[in-house]
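Trainee: This is what each chain is made of:
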Amino acid sequence: MKNGQFFRPTVSIGLLATVLVALPFVAALGGQAWVRILDFAILYAFLALGLNIVVGLAGLLDLGYIAFYAVGAYTWALLASPHFGLHWPIWAILPLGAGLACFAGVLLGSPTLKLRGDYLAIVTLGFGEIVRIFMNNLNAPINITNGPQGITLIDPVSFGAFKFSGTTQIFGLSLSGPQKYYFLLVALAILVIIVNLRLQNSRIGRAWQAIREDEIAAKAVGINTRNLKLLAFAMGASFGGIAGGIFSAMQGFVSPESFSLIESIMILAMVVLGGMGHIPGVILGAVLLTVLPEVLRYGVGPLQMALFGKMLVDPESLRMLVFGLALVLVMRFKPAGLWPSPERKRELQEAAP
Amino acid sequence: MLEVTGLHVAYGGIQAVRSITFHVNQGETVALIGANGAGKSSTLKAIARVIDAVGGDVHFCGEKISRIAPHDIIRKGIALVPEGRGVFPRLSVLENLEMGAYIRNATVEAKKDLKMVFDYFPRLKEREDQLAGTLSGGEQQMLAIGRALMSRPKMLLLDEPSMGLAPIMVQKIFEVVRAVAADGMTILLIEQNARLALQCSQRGYVMESGEISLHGDSAQLLDDPKVRAAYLGE
Numbered sequence: 001m002k003n004g005q006f007f008r009p010t011v012s013i014g015l016l017a018t019v020l021v022a023l024p025f026v027a028a029l030g031g032q033a034w035v036r037i038l039d040f041a042i043l044y045a046f047l048a049l050g051l052n053i054v055v056g057l058a059g060l061l062d063l064g065y066i067a068f069y070a071v072g073a074y075t076w077a078l079l080a081s082p083h084f085g086l087h088w089p090i091w092a093i094l095p096l097g098a099g100l101a102c103f104a105g106v107l108l109g110s111p112t113l114k115l116r117g118d119y120l121a122i123v124t125l126g127f128g129e130i131v132r133i134f135m136n137n138l139n140a141p142i143n144i145t146n147g148p149q150g151i152t153l154i155d156p157v158s159f160g161a162f163k164f165s166g167t168t169q170i171f172g173l174s175l176s177g178p179q180k181y182y183f184l185l186v187a188l189a190i191l192v193i194i195v196n197l198r199l200q201n202s203r204i205g206r207a208w209q210a211i212r213e214d215e216i217a218a219k220a221v222g223i224n225t226r227n228l229k230l231l232a233f234a235m236g237a238s239f240g241g242i243a244g245g246i247f248s249a250m251q252g253f254v255s256p257e258s259f260s261l262i263e264s265i266m267i268l269a270m271v272v273l274g275g276m277g278h279i280p281g282v283i284l285g286a287v288l289l290t291v292l293p294e295v296l297r298y299g300v301g302p303l304q305m306a307l308f309g310k311m312l313v314d315p316e317s318l319r320m321l322v323f324g325l326a327l328v329l330v331m332r333f334k335p336a337g338l339w340p341s342p343e344r345k346r347e348l349q350e351a352a353p
Numbered sequence: 001m002l003e004v005t006g007l008h009v010a011y012g013g014i015q016a017v018r019s020i021t022f023h024v025n026q027g028e029t030v031a032l033i034g035a036n037g038a039g040k041s042s043t044l045k046a047i048a049r050v051i052d053a054v055g056g057d058v059h060f061c062g063e064k065i066s067r068i069a070p071h072d073i074i075r076k077g078i079a080l081v082p083e084g085r086g087v088f089p090r091l092s093v094l095e096n097l098e099m100g101a102y103i104r105n106a107t108v109e110a111k112k113d114l115k116m117v118f119d120y121f122p123r124l125k126e127r128e129d130q131l132a133g134t135l136s137g138g139e140q141q142m143l144a145i146g147r148a149l150m151s152r153p154k155m156l157l158l159d160e161p162s163m164g165l166a167p168i169m170v171q172k173i174f175e176v177v178r179a180v181a182a183d184g185m186t187i188l189l190i191e192q193n194a195r196l197a198l199q200c201s202q203r204g205y206v207m208e209s210g211e212i213s214l215h216g217d218s219a220q221l222l223d224d225p226k227v228r229a230a231y232l233g234e
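Protein chains in written order, with the numbering used here: chain F, 1 to 353; chain B, 1 to 234.
Source of the hints: derived by calculation from the structure; they are not laboratory data. By construction, the Cβ of each residue, glycine as well, lies at the ideal position given by its N, Cα and C atoms. Some clues are possibly wrong.
Reference listing, derived: stretches of chain F covered by chain B, where coverage requires no fewer than 3 residues with Cβ under 8 Å from a Cβ of chain B [stated by the list, open to error]:
| no. | region |
| --- | --- |
| 1 | 141-154 |
| 2 | 201-215 |
Chain B side only, calculated, beta carbon under 10 Å to chain F, not exhaustive [said to hold, decoys possible]:
| no. | residue |
| --- | --- |
| 3 | Arg49 |
| 4 | Pro70 |
| 5 | His71 |
| 6 | Gly133 |
| 7 | Ala144 |
Capping the alpha-carbon separation at 27 Å, the derived lysine-lysine pairs in DSSO-like fashion look like this [as the list claims (entries may be wrong)]:
| no. | chain 1 | residue 1 | chain 2 | residue 2 |
| --- | --- | --- | --- | --- |
| 8 | B | Lys111 | B | Lys172 |
| 9 | F | Lys114 | B | Lys76 |
| 10 | B | Lys76 | B | Lys154 |
| 11 | B | Lys76 | B | Lys112 |
| 12 | B | Lys115 | B | Lys76 |
| 13 | F | Lys114 | B | Lys112 |
Just need the whole structure built from these sequences, with the hints factored in.
Mentor: Written out as structure tokens, the structure is:
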């Protein structure tokens with residue numbers, strides 16, 4: 001009995017690790033494009049988990065989360081590209097990007113955290129747009145961001161001579177660029193999962209949950225609500241900054257277009273669809289919302305050609321249609337998300353008449 | 001112990017509390033009664049610093065507390081049981097109680113206090129792992145009081161503990177309030193249910209449109225013809 005209890009988690013972790021290691025090689029059978037999609041699924045999971053700290057734990061509805069991602073992405077782009085002729089190493093830029101995003105979070109947070117719910121959502125939404133428009137227009141009088149054209153030829157992630165772009169041979173295995181990024185992203189995702197897990201049951205995590213549940217009561221038990229909300233914002237923003245840096249390096253190109261409102265909404269949708277505040281749910285949400293549109297893109301076009309002999313609906317617009325429908329269905333039939341935390345599920349069941 | 005002098009609360013142009021002065025002695029239960037909108041709750045919230053007073057001072061144990069941050073009130077020894085209970089619905093009963101001990105780091109001490117709370121409210125022990133949001137109104141009120149006790153306060157501020165509860169639950173809650181008071185707790189009790197509040201307090205203040213219109217020993221107030229007519233429905 002006791003043996004079994006010990007054995008089970010070990011086996012499932014081993015299984016999970018095997019799947020995680022095998023995944024990029026399996027995906028590569030369908031072409032490197034699929035490995036790239038996989039990379040983005042994990043990058044979005046990382047982002048969604050960062051946002052989960054803000055929305056899921058502290059209950060602050062942030063619709064401008066993408067702005068912090070943008071700050072991280074542009075930090076990397078400006079400091080590691082021919083644009084300024086700078087090529088700083090990763091250990092300098094990534095912390096700096098996280099730090100700047102964190103600073104942006106505090107900057108946004110300090111005047112706005114008196115607001116709640118819808119009002120906070122509107123201000124953060126505005127902030128997200130401000131950052132994007134800034135990036136779009138900071139090409140005159142001094143050209144900093146290169147405006148709508150964006151920045152190209154950004155350095156890939158590299159540790160010394162080991163570059164994450166191009167193919168390398170390790171232990172007789174041939175690893176492509178996207179496959180290498182995959183492993184880097186998995187490592188980062190594990191880091192953010194550990195932080196999320198540790199926070200959930202820590203003193204800070206509990207205080208965040210208390211603020212989310214009832215702010216007056218939280219103050220009454222002695223929680224400094226202002227500072228703790230700022231901390232949630234700052235932490236979420238830092239993770240956004242790190243993800244942005246990796247995104248920049250992985251793509252080799254950034255432009256303000258990548259940081260539009262719809263991206264913020266997508267990340268929020270991943271958190272809500274998957275199961276707010278529940279780590280496996282948030283990951284599921286992120287993976288589904290990244291992979292499904294791609295499946296549509298590759299599936300719907302050929303399907304229409306086969307059925308009707310011509311393209312009736314553009315796959316790109318169909319994507320938004322299916323996405324909207326999926327949201328409505330999930331909210332109707334699984335209001336707590338696809339994979340809610342056991343407590344949340346229990347709460348909804350007990351509340352039902 | 002608690003001294004309120006010239007406390008003034010306004011929401012925009014509307015005067016909710018007009019310069020009231022009262023005090024609570026150590027070990028005493030004092031009731032602040034009055035009709036809906038008389039300014040009772042605003043008074044309590046201003047003392048707990050949940051809202052800002054326009055003017056006046058509040059002193060607790062000789063120390064001025066009317067300008068400190070709301071989250072520091074509990075560190076001075078005043079625990080608020082908010083209006084409408086204010087439990088954390090998606091935390092379990094036990095987690096709610098643990099949050100009550102947020103300002104203290106001594107886990108062993110907190111364990112002892114947990115036992116004390118469960119002694120006052122055996123019902124909470126039975127529901128330890130249940131989510132607070134799924135408790136009945138009365139149980140939530142118990143939890144809110146229990147959570148306040150977990151900070152080892154010198155004084156409890158109770159905001160309408162009978163609100164929205166079945167009469168039998170109200171009786172149960174007030175039994176515990178009496179027991180807590182008998183164990184030496186100082187209590188300021190805000191209530192619309194004037195009879196109950198006066199029955200379990202030593203002194204009472206009657207509030208009317210933001211001002212204190214009457215005060216005295218609770219027993220006297222219970223016999224006062226004006227109080228009887230206006231608040232006891234006789």
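Trainee: Each hint should be assessed against the structure and marked as holding or not.
Mentor: Verification of the hints:
no.: 1; hint: 141-154; result: violated (count 0)
no.: 2; hint: 201-215; result: holds (count 8)
no.: 3; hint: Arg49; result: holds (8 Å)
no.: 4; hint: Pro70; result: holds (4 Å)
no.: 5; hint: His71; result: holds (5 Å)
no.: 6; hint: Gly133; result: holds (6 Å)
no.: 7; hint: Ala144; result: holds (8 Å)
no.: 8; hint: B:Lys111 to B:Lys172; result: holds (24 Å)
no.: 9; hint: F:Lys114 to B:Lys76; result: holds (24 Å)
no.: 10; hint: B:Lys76 to B:Lys154; result: holds (8 Å)
no.: 11; hint: B:Lys76 to B:Lys112; result: holds (21 Å)
no.: 12; hint: B:Lys115 to B:Lys76; result: holds (23 Å)
no.: 13; hint: F:Lys114 to B:Lys112; result: violated (37 Å)
Hint check: violations occur at hints 1 and 13; the rest are consistent with the structure.
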